[in-house]
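Sequences and hints are given; from them, build the entire structure.
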Amino acid sequence: GGIGGDTVSPETIYQGVYAHGTRGLAQGLGCHLHRKHSRRRRRCRAGEPPKKTGPLGTFNLIHLRPEVASTRTEVGHFEGDLIIGARGKSAIVTLIDRASRLNLLGDLPGGYGAENVLACCIELFERVPVELR
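Just so you know, my numbering puts the end of the sequence shown at 133, numbered straight through with nothing missing.
Treat the hints with care, as some may be off.
For each label pair, taking beta carbons as the anchor points, the in silico distance ranges come out as [as the list claims (entries may be wrong)]:
no.	residue 1	residue 2	range
1	Ile122	Ala19	47 to 57 Å
2	Gly76	Asp6	45 to 55 Å
3	Pro109	Pro129	20 to 30 Å
4	Ala69	Thr12	40 to 50 Å
5	Pro109	Arg133	20 to 30 Å
6	Pro10	Leu132	45 to 55 Å
7	Thr73	Thr94	19 to 29 Å
8	Asp6	Arg87	23 to 33 Å
9	Ile13	Ile122	43 to 53 Å
10	Gly111	Arg133	21 to 31 Å
11	Pro129	Gln15	46 to 56 Å
12	Tyr14	Lys89	25 to 35 Å
Please keep in mind that the hints were generated in silico from the structure rather than gathered at the bench. Where a beta carbon is used, it is the ideal one built from N, C-alpha and C, also for glycine.
Here is the structure:
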């Protein structure tokens, strides 16, 4: 670790400075922070859910999926993953049918942006036999 064998994350330092409110920042601690704000901005009021959707927008949660998808009794329900290699230099898309365990892999040589991932998924789904769609 660091000096004396202990390491401290940047978030711990921020929490320590902001925990003292204006006292900590009035003593000059705020000028040493990367972001020199006197207080943190809340994303929403305490106890309220966020008003905006996240970067993924609205999507179906796993526990809300159809029962036939959970029990794996019907083909055509796919799960997808994006696997990003070391330092973000390579990426692949995997699509797996929950019932038949059909596994589709697609390479993303042009990067793993949303457009490339979507194009790869469309190409992979076009290869799926009609009886599994």
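task = May I ask which of the numbered hints given earlier this structure violates, with the numbers listed in increasing order?
result = Checked against the structure, no hint fails, so every one of them is satisfied.
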